[in-house]
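Trainee: So you can see what is in the structure, the chains are spelled out below.
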Amino acid sequence: MNGLLDVADLRVEFGRHRAPALRGVSFSLQAGQRLGLIGESGSGKTVTALAVMGLLPETARVSGSVRLDGRELVGLPDAQFSDLRGVAMGMVFQEPMTALDPTMRVGRQVAEVALLRGRATRGDTRTNVLQLLTRVGFVDPERIADAYPHQLSGGQRQRVVLAMAVFNRPGLIICDEPTTALDVTVQARVLDLLDEILGESGAACLFISHDLAVVSRVCSHAMVMLDGDVVESGPVSQIFAAPRHPYTQGLVATARLDLVTPGERLPTIEDYFRREDFR
Amino acid sequence: MRWINLVLGTVLVAGVILLGLVSLAWTPFDPTLVVPGERLQPPGWPHILGTDAFGIDVFSRIMAGARVVVQVGVVAVGLALLVGVPLGVAAAMSHRWLSDLIMRGADILYAFPALLLAILLAAAVGASTMTAAVAIGVASVPAFARVARAATLQVMSSDYMLAARAAGTSPLAAAVTHVLPNIAAVIWVQASASFGMAILAEAGLSYLGLATPPPAPTWGRMLRDAQNVIFSNPEQALWPGLAIAAAVLGFNLLGDGLRDQLDPRLRDIS
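Sequence lines, in order, name chains A and B. The working numbering puts the first residue of the first sequence at 12, with every later residue one more than the last. The working numbering puts the first residue of the second sequence at 31, with every later residue one more than the last.
Be aware that one or more of the hints could be misleading.
[What the hints assert, rightly or not] Incomplete in silico selection of chain A near chain B, CB under 8 Å: (1) Glu106; (2) Asp112; (3) Leu204.
[Stated by the list, open to error] From chain A, some residues computed to sit far from chain B (all C-beta separations above 10 Å): (4) Gly134; (5) Thr196; (6) Leu270.
[What the hints assert, rightly or not] Here are the simulated distance ranges between beta carbons: (7) Met108/A / Ala44/B: 31 to 41 Å; (8) Arg200/A / Val219/B: 38 to 48 Å; (9) Gln291/B / Ala90/A: 34 to 44 Å; (10) Glu51/A / Leu230/B: 55 to 65 Å; (11) Asp203/A / Leu279/B: 51 to 61 Å.
Quick caveat, the hints were computed from the structure, so don't treat them as lab data. Note that beta-carbon positions come from the ideal geometry of N, C-alpha and C, so glycine has one too.
Kindly produce the complete structure, drawing on both the sequences and the hints.
Mentor: Written out as structure tokens, the structure is:
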């Protein structure tokens, strides 16, 4: 495996007496590839993302290997990790309501990301920030830049968060349920924007979601996680057309409501997969 | 209605500060000059608040006392802020053992009341305005450290802090750009409440003779002097008492008002 991101046998534990959060996850992401990470709450999606970003809390014990461009990240000192974050990899968080500092104007928060790298002057930065805000679809970037986060809507905030994540043109963008907190129409717009930005910059994307429809829209490949394990992975079309693992079969069935005969009971995951049999 | 707090607080605090400043250059009478022939004059002219049991002009003493109040408040709260807040923020952001060390140290300090510290300091270097201010300040450090730590922990667990880290911000930079602005509102309230408490504590200490030595006038000593004539001339206790109450109220209202103005979320509610 020699991709942009190579994860091998990644295990994460929080304390000895708790079940491991990740039980040996392996996957590979090529440059420009978009990989969807599907699973229910607690399946280890976010832990995987945070492990790649090196943002797990101190209490987490991480083993295995995470390689970005061939460089081993597990065990990397935080100072060196800091230099990679935002530059080599960026992250978009789930809750746009809380991912922005409420006491800081939006423009300054975006600019912070640029000033952090110490290569921009304040004047340049302002221009860059306004350009970037225009880029993510704001028609009045001046007003947005001078607004506080609480003065923006959820969709607007998520576009700001997206702008921050792509500011330094990272080669890998991790999106942790970026549209879950948004309503469906706003969700579609943010996904279009993400699609556009990814296409333009050629960045790879690790896209976390519990929503199969969203994943199929953004990603070419997908990986299904359950209780800290990867149970199935492959091209999105294949996973949808011929899911192999019973859990995935359940997921696909519950997502295809158009196949249900009106009047009949809706399918549940338990129709296909019983957790007790799994372990 | 929110701005009423701010306006009233500003007026009261500005009044205290103005009285103190003017007293540096001018008071109607010498605030330490004893005139036996003019003892316990009622309010009128030229002594607008009358004279006390020593024949000293009460208004002049109140003015000179305001100076001490401001001095003690600024030194005590400044000390508590400068020491307590960095300690609290550091405790919240550092490893567990260091955090425990800082907070247990604060607990030990918490066990010493300002009064005990003031007695210790007064015994060691002699009672003065400064010893009282330092004692009150040191005694307030744990409160600031705790409040700062609790507020910082909340900020640390926030998504925007994680987002800032994901964007490559170093912990120190994050503390300056994200933690301090977000805990400022809580710290302001603590500071304004502490300012009021410092004024009260100073009055108590000078009442006990553990702060500013005589003959310099303070509101606490005026209360003590008034104690001797409390039944015949109760108004003697009224003036310094009112001054203390107004100053404490002023700083509390100012703190509340400032917090509302400093926090962009609260600012828009009004």
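Trainee: State for each hint whether it applies.
Mentor: Hint by hint, here is what the structure shows:
no. : hint                            : result
1   : Glu106                          : holds (6 Å)
2   : Asp112                          : holds (4 Å)
3   : Leu204                          : violated (18 Å)
4   : Gly134                          : holds (20 Å)
5   : Thr196                          : holds (24 Å)
6   : Leu270                          : holds (37 Å)
7   : Met108/A / Ala44/B: 31 to 41 Å  : holds (39 Å)
8   : Arg200/A / Val219/B: 38 to 48 Å : holds (41 Å)
9   : Gln291/B / Ala90/A: 34 to 44 Å  : holds (37 Å)
10  : Glu51/A / Leu230/B: 55 to 65 Å  : holds (57 Å)
11  : Asp203/A / Leu279/B: 51 to 61 Å : holds (57 Å)
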